[in-house]
Each structure stands twice: as C-alpha cells, then as structure tokens.
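> Following the hints, complete the assembly by docking chain X onto the known chain H.
Just so you know, the sequences run in chain order H and X. With my numbering applied, the first sequence corresponds to residues 1 to 308, in that order. With my numbering applied, the second sequence corresponds to residues 309 to 507, in that order.
What the hints contain is simulated information worked out from the structure, not anything from laboratory work. We treat Cβ as the ideally placed atom computed from N, Cα and C, and that holds for glycine. You may find that some hints are simply not true.
[What the hints assert, rightly or not] Part of the chain H face toward chain X, derived, beta carbon under 8 Å:
1) Gly66
2) Leu132
3) Leu136
4) Ile141
5) Gly144
6) Leu178
7) Asp181
8) Tyr183
9) His297
[Stated by the list, open to error] Cβ-to-Cβ under 10 Å is the rule here; a few derived chain X residues that face chain H:
10) Thr419
11) Gln462
12) Arg475
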Amino acid sequence: MPFLAHGSYRIRYELDGPANAPAYVLVNGLTQYAELWGAYRDALLARHFRVATFDLLGQGASDKPGLFISQEDQVAALHLLIGELDDGPVFLSGISFGGLIALRYAIAHSQRLSGLVPMSCFAELTPQLLLLGNALRTGLILGGTGYLQDLLLPMNLSDAWLKPLLNNLDAVKRQGWLVNDVYALQNLMESFLDFEPITPRLPSISVPTMILNGEFDFLTPRSLHETLRTHIPNSSLVIIPEAYHAFTLEKPALTADLLARFAEDVMAGRWHGDGGVWIAPQEAGGPLTPFPAGYDHLRAIPTPGKTS
Amino acid sequence: MSEFLGPLGAGGNVPSRQQTRVAAFLVSAHGALARQLAFAQPGYLKAGWQAELNAQLYRESEIVSLLLRATSWVPDPALAYLFARWEMTWLPQSIDGIPERTLSRIVDLSTLAHALHAAIRPAALLPVEANAEDPFVSALRRIEFESGRMLQAQILFLKGQDLKPFRRSVSAALEERHAQVRRLWSEMLEEIGVSVREG
Numbered sequence: 001m002p003f004l005a006h007g008s009y010r011i012r013y014e015l016d017g018p019a020n021a022p023a024y025v026l027v028n029g030l031t032q033y034a035e036l037w038g039a040y041r042d043a044l045l046a047r048h049f050r051v052a053t054f055d056l057l058g059q060g061a062s063d064k065p066g067l068f069i070s071q072e073d074q075v076a077a078l079h080l081l082i083g084e085l086d087d088g089p090v091f092l093s094g095i096s097f098g099g100l101i102a103l104r105y106a107i108a109h110s111q112r113l114s115g116l117v118p119m120s121c122f123a124e125l126t127p128q129l130l131l132l133g134n135a136l137r138t139g140l141i142l143g144g145t146g147y148l149q150d151l152l153l154p155m156n157l158s159d160a161w162l163k164p165l166l167n168n169l170d171a172v173k174r175q176g177w178l179v180n181d182v183y184a185l186q187n188l189m190e191s192f193l194d195f196e197p198i199t200p201r202l203p204s205i206s207v208p209t210m211i212l213n214g215e216f217d218f219l220t221p222r223s224l225h226e227t228l229r230t231h232i233p234n235s236s237l238v239i240i241p242e243a244y245h246a247f248t249l250e251k252p253a254l255t256a257d258l259l260a261r262f263a264e265d266v267m268a269g270r271w272h273g274d275g276g277v278w279i280a281p282q283e284a285g286g287p288l289t290p291f292p293a294g295y296d297h298l299r300a301i302p303t304p305g306k307t308s
Numbered sequence: 309m310s311e312f313l314g315p316l317g318a319g320g321n322v323p324s325r326q327q328t329r330v331a332a333f334l335v336s337a338h339g340a341l342a343r344q345l346a347f348a349q350p351g352y353l354k355a356g357w358q359a360e361l362n363a364q365l366y367r368e369s370e371i372v373s374l375l376l377r378a379t380s381w382v383p384d385p386a387l388a389y390l391f392a393r394w395e396m397t398w399l400p401q402s403i404d405g406i407p408e409r410t411l412s413r414i415v416d417l418s419t420l421a422h423a424l425h426a427a428i429r430p431a432a433l434l435p436v437e438a439n440a441e442d443p444f445v446s447a448l449r450r451i452e453f454e455s456g457r458m459l460q461a462q463i464l465f466l467k468g469q470d471l472k473p474f475r476r477s478v479s480a481a482l483e484e485r486h487a488q489v490r491r492l493w494s495e496m497l498e499e500i501g502v503s504v505r506e507g
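Chain H on its own, in the form it takes in the complex:
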C-alpha cells in the first residue's frame, strides 16, 4: 500500500496501468474511499488508461488529522499524486466533494491537465445545499456514520438500485462505516465552515471540461451544474438519465465509458466544449443526444425554455 507524504500526514494512493499511458485521476466523494473506484479502474485499464486513486486526508487509509482539514490541503495532496504521474495527458475527475477538489485543482493547475470531469458537483453553497449539509453534519454528530449513511443512501440512489439491497443494507454500509471515522468525516464537513464560492474563479479553468449531472440529483441539482457550464469556458453539460447524486456507484459501466470517450475525443481533437447540453445514453456505448432545442434544461419537465 503506497503512501505520499504531505507534511507529517500520509496519503494512501494506488496507481494502475502502464506508466506512459494517458492517466485518469479519480477523486472520492466525502464519505467514500478509493476502493469504490474498482469498476472504473478495470474499465479504464481496458481502454488503455493509467488510473490513479487515493483516499483524501481524513478518509480510509490516509491519515486523519485530529482537528482541521482544509480543502487546500486536499488540493495539495492531489497535486502530490499527479506529480507521481509521467508527463503525459492527465484527466481529472471527482464526484461531489471530490469534484469540488478537482475544480480547485483545475483552477490552480489547469496547465497540468488535459481534461476535467466534475460529477455531481458545485462551486457554491446555495441555501438548500448549505442547510442540507448542516443537517447531514448534525446527523453524523448525533447518530454516527451509520445514520449519515442512512440519510445519504435514499437521497442519492434510485429505487431500482436500492430495492434488491433492502434486506442487506448493513452489508452495503459496512465497509464505509469501518474505514471512515466520525471525527474525520466531521472535519471534512467542517472544511465548509469558511467556504467561499469559487464561481468567480471558474473562468480560469482552460481545459476541456465535461460536467456530469444525474437527471434526478436532489443534493446538487441542475442549477449548480449550470453554474459550472456557464462559467467554465470550454465545457459541456451531460445529463445522466434516471440517475441520482451517486450515479458513479449506480452506473459505473456507463460513467466509465463516458470518461473514456471524453478523454479519447479530447486527445483526438474531436471534443468541443461549446457550452452544449447533452443527454447521455442509458447504456455504455450508446450515442449522446443533444438536449431538445427550445426546452429549458433546468426544468424537470419539458417546458419551453427561457435559457439558451
């Protein structure tokens, strides 16, 4: 199990695939751990990518600072990991909290990236997201990691995914409960206490950017992704049909395929971030279709739109 050193703290990471291949770096969500990217590692290795995964500070097998974990420290840890890669193309993707860290990295180090894929992501805390975050933190404090998982599972995953697991949810939750500690998760959540919106800095992200948003994402709804689309110059928004916030867990084959296609298209010069809005296929390999012209992509119902 290799580790990087960030000051006195250790960051657990894993690199797979040939050293000279284009690399995908995947950043965990707040309650996650690196092993959850297993299906992505396999799929991207099969598409001839190198794959880098790691536990953020405070997660899994990385060190868990006792009192404070700043988001800048997470960016520094990510920078160390990307420093372990060769000089070839680097594509960076992150989910939710990890997407925010990826955005921060892209703002600071755009020149090191060939492409960026923020997923279920946000650049600012809307009143809804702020209050939900506060409530989730209170849930963690009063009920522990298990209760936080109980809140997140139905919020972020579909009935179709949950139904066959209803009698076995403890097993689904167990690994996350084992490797993540209450105080460390709380520290990660409290890294938002002094959060300032990064929206004004998004235009400095110069790399091709594919923004992925689940159709039914309740925690970080479309409007938050629209902020990314309208502020990141070379970007497009792709809506994952019938998906919730944690679609990376629910639809790994489709999402890994979208990641690989994006990187292949960027490297082949075929990808154009023209601010477009697209709908992903239901299954891996299917075609992306443009969002219907004349309809508002911020609405859940196909209402003739005011937005372009």
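Just chain X now, kept in the frame of chain H:
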C-alpha cells in the same frame, strides 16, 4: 492475523480472553477519564459548558460499570503489567506553548478524551457474525456510539475561538495523544491476534 475479534464461539460470542483484554483496556482508559473529570469539576458550576463536564463524568463511569458487568472475565496475568503501563500513559501531560497551568491541564484532558473517543473504535472490531444480543457485543457497540457523541464536547472546545491563539500547540498535543492511544490500542490488540487497519 484478523482485523476482527474471534474466532467467535458457537453462540456468536467473543472469546473470553479477548473480552478480558479489550475490556481491561477500556476500563483503564475510561476510568482514567472519569477520575480526571471528577477532579476537573468545580464544586459549583460557574459556566454553562461546565454542565458537560458533569455529564461526561457520569457517562465515562457508565462505560466502566457496563464493561465490568458485560465482560466474561478470565484470569490474565499480564494485566498487572499492562494496567500499569496504560495508566502511566493517561497521566496528565503539560502542553508546550500553553503556559497557563489550568488551561494547559484542561487542554490535556480534552486531547486525551478526544483521542480515546475518536481513535478507539471497539465496535469496528466485531465481525458481522457477532451475536447482537451478547452483552459484550452490545457493550462495545454502545461504547463506540456514546464515544462519538461525547467527542463533540472535545471538538467544540479544542476547535473553539478561546484556543485560537494556541492552535498549533493544541493540534500538536492532540496528534501526540492520538499516536499514544493508537499505539497502545494496536499493541494490545496484536497480543490477542487482532491487527489494526491503517488509517
């Protein structure tokens, strides 16, 4: 070596030798916290936050009481030496960078309590097959759950504005206490055949 207690008995219970060693460690640690909290309490409360000191004293005492009754104790000659070693570690330490004695004492007590409540996760030692109705299993789960709640008092205090001028000293003291506690916990577990996962 497994990451979990066991192999479990036929009834899904943890072997008595492991119960004895784990419970002894927890009794020593939470008993030390209870004693130190008792001495830290003023005769009459002068501030609202001191009510938490009183609550923590009785919660720590409850943990000790619970373990004494829920554990299937067996003779363990090594405990005399181990207890002495553990108790030495819980003794108050001065905090570099905080010259005021009372504040230093309270910070030290809080860092020890933070380390014991945060770094020690007894329920995470239980395999899935452990019998939820077994008193020792139930006690470990309750202790971990209560620790997560009690920890909030330490988090609020150690992260609070009052300690902002001493943040570097507080963080260093806390990391040291965590390292001490983790080392003793993992050594104790290794002696009963349990390896502690990294992180």
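> Can you name, in rising order, the numbers of the hints this structure does not satisfy?
2, 3 and 9
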